[in-house]
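**Student:** Each chain, letter by letter, is given below.
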Amino acid sequence: AQSVTQPDIHITVSEGASLELRCNYSYGATPYLFWYVQSPGQGLQLLLKYFSGDTLVQGIKGFEAEFKRSQSSFNLRKPSVHWSDAAEYFCAVGGGSGNTGKLIFGQGTTLQVKP
Amino acid sequence: DTEVTQTPKHLVMGMTNKKSLKCEQHMGHRAMYWYKQKAKKPPELMFVYSYEKLSINESVPSRFSPECPNSSLLNLHLHALQPEDSALYLCASRPTSGGPSEQYFGPGTRLTVT
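Chains as they are written, first to last, in my numbering: chain X, 1 to 115; chain F, 1001 to 1114.
Treat the hints loosely; a few may be bogus.
To be verified - Each computed DSS-like pair below joins lysine-lysine, with the alpha-carbon atoms no more than 27 angstroms apart:
id, chain 1, residue 1, chain 2, residue 2
1, F, K1040, F, K1053
2, F, K1053, F, K1022
3, X, K61, F, K1041
4, F, K1041, X, K114
5, X, K102, F, K1040
6, F, K1040, F, K1019
7, F, K1019, X, K49
8, X, K61, X, K49
9, F, K1036, X, K49
10, X, K61, F, K1009
11, F, K1041, X, K102
12, F, K1022, X, K68
Stated by the list, open to error - Some chain F residues flagged as far from chain X (calculated, every beta-carbon gap over 12 angstroms):
id, residue
13, Q1006
14, M1015
15, K1018
16, K1019
17, I1056
Claimed, not checked - Residues from chain X that keep clear of chain F, each with C-beta distances beyond 10 angstroms, as calculated:
id, residue
18, V13
19, A17
20, G41
21, F51
22, Q58
23, Q71
24, S73
25, R77
26, V81
27, L103
28, Q112
29, P115
In short, the hints are calculated from the structure, not lab data.
Virtual Cβ for every residue (Gly too), placed ideally from N, Cα, C.
Pulled out of the complex, with its shape left as it was, chain X reads as follows:
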């Protein structure tokens, strides 16, 4: 079955501390992987994506993610968190070539940032 697991429902970090959000996936084909961020009441903004090539991908707002095929993981990292990073983070798989590009989302991780 195709699925995405984000093991951490809620994470709290201090401002300036490093961050890692975990994502594990189960997907039958070549996985195309995404991290989206959502502020309260807003739409989803793409942070970064992995299609192929270099397994360490850089995104917007200082985020990066590493694809590890052997662990079926695509964890999101940021070396120093800012208060404005507080939001909901969704990992997703799918979106392949073709006409539908259906995404499978994880349940999300809520990030709280302490001053």
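Chain F: place on chain X using the hints.
**Tutor:** Then chain F, alone, in the frame of chain X:
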């Protein structure tokens, strides 16, 4: 222009009303999506349009009726909704030419059914 716009931002409707949500993109994308999102949950796919044709309906109740009048515009017609249909409705679009690509999301319409 990498923007997906949605109107209205907020909508309150009674269970007997008929209303419509609108989504627009001018990026030349030929796949467009409607999602429903409840608080603290991931978006749930409702419909996918590809080249203005409905390609996926995720068993959505008939009180939700999608329409794609042209390649830039996507509507969601609402009729006889239930209070449990209150949610954030998100539209997204995606290019379909060539290889894999990401979906671009609009800001959403917050719907309240009274």
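**Student:** Could you run down the list of hints and mark each one as holding or not?
**Tutor:** Status of the hints after comparison with the structure:
1. Our distance criterion of 27 angstroms between C-alpha atoms is broken by F:K1040 and F:K1053, whose separation comes to about 31 angstroms.
2. The straight-line distance between the Cα atoms of F:K1053 and F:K1022 is roughly 17 angstroms, inside the 27 angstroms bound, and the hint therefore holds.
3. A hinted pair counts as satisfied when its Cα atoms are at most 27 angstroms apart, and X:K61 with F:K1041 qualifies at roughly 23 angstroms.
4. Using a Cα cut-off of 27 angstroms, the hinted pair F:K1041 and X:K114 holds, with the two alpha carbons roughly 23 angstroms apart.
5. In summary, the hint linking X:K102 to F:K1040 is supported, as the alpha carbons are separated by about 21 angstroms, within the 27 angstroms threshold.
6. Restraint check for F:K1040 and F:K1019: the C-alpha separation of about 25 angstroms stays at or below 27 angstroms, so the hint holds.
7. A hinted pair counts as satisfied when its Cα atoms are at most 27 angstroms apart, and F:K1019 with X:K49 does not qualify at roughly 36 angstroms.
8. With a CA separation close to 14 angstroms, the supplied pair X:K61 and X:K49 stays within the 27 angstroms bound.
9. Taken as a hint, the F:K1036 and X:K49 pair is honoured in the structure, with Cα atoms around 23 angstroms apart against an allowance of 27 angstroms.
10. Restraint check for X:K61 and F:K1009: satisfied, since their Cα atoms lie roughly 26 angstroms apart, inside the 27 angstroms limit.
11. At most 27 angstroms may separate the alpha-carbon atoms for a hinted pair to count; F:K1041 and X:K102 meet this at roughly 17 angstroms.
12. Simply put, F:K1022 and X:K68 have alpha-carbon atoms about 39 angstroms apart, too far for the 27 angstroms limit, and the pair is violated.
13. The beta carbon of F:Q1006 sits about 8 angstroms from the closest Cβ of chain X, which is not more than 12 angstroms, so the claim that it is off the interface is violated.
14. With a cut of 12 angstroms on Cβ distances, F:M1015 stays outside the contact zone with chain X, its closest approach being about 24 angstroms.
15. Non-interface call for F:K1018 relative to chain X: holds, since the shortest CB-CB distance, roughly 25 angstroms, exceeds 12 angstroms.
16. The non-interface label for F:K1019 is consistent with chain X: the shortest C-beta to C-beta separation is roughly 19 angstroms, beyond 12 angstroms.
17. Non-interface call for F:I1056 relative to chain X: violated, since the shortest CB-CB distance, roughly 6 angstroms, does not exceed 12 angstroms.
18. For X:V13, the requirement that its beta carbon stay farther than 10 angstroms from each beta carbon of chain F is met, with the minimum near 19 angstroms.
19. With a least CB separation of 24 angstroms from chain F, X:A17 remains clear of the 10 angstroms interface cut-off, as annotated.
20. The non-interface label for X:G41 is inconsistent with chain F: the shortest C-beta to C-beta separation is roughly 7 angstroms, within 10 angstroms.
21. Against chain F, the non-interface label of X:F51 is violated: not every CB pair exceeds 10 angstroms, the least being about 5 angstroms.
22. Against the 10 angstroms criterion, X:Q58 stays outside the reach of chain F, whose nearest CB is about 15 angstroms from its own CB.
23. For X:Q71, the shortest C-beta to C-beta distance to chain F comes to about 21 angstroms, beyond the 10 angstroms cut-off, and the non-interface label holds.
24. Annotated as non-interface, X:S73 keeps its C-beta farther than 10 angstroms from every C-beta of chain F; the closest such distance is 18 angstroms.
25. Every C-beta of chain F lies more than 10 angstroms from that of X:R77, the closest at about 20 angstroms, which supports listing it as non-interface.
26. No Cβ of chain F approaches the Cβ of X:V81 within 10 angstroms, the least distance being about 21 angstroms, so the stated non-interface status holds.
27. Against the 10 angstroms criterion, X:L103 falls within the reach of chain F, whose nearest CB is about 6 angstroms from its own CB.
28. Distance check on X:Q112: its Cβ is at least 13 angstroms (rounded) from any Cβ of chain F, clearing the 10 angstroms threshold; non-interface status holds.
29. Consistency note on X:P115: stated as away from chain F, and its beta-carbon is indeed over 10 angstroms from all of that chain's, at 23 angstroms minimum.
Of the numbered hints given earlier, the model fails hints 1, 7, 12, 13, 17, 20, 21 and 27; all others are met.
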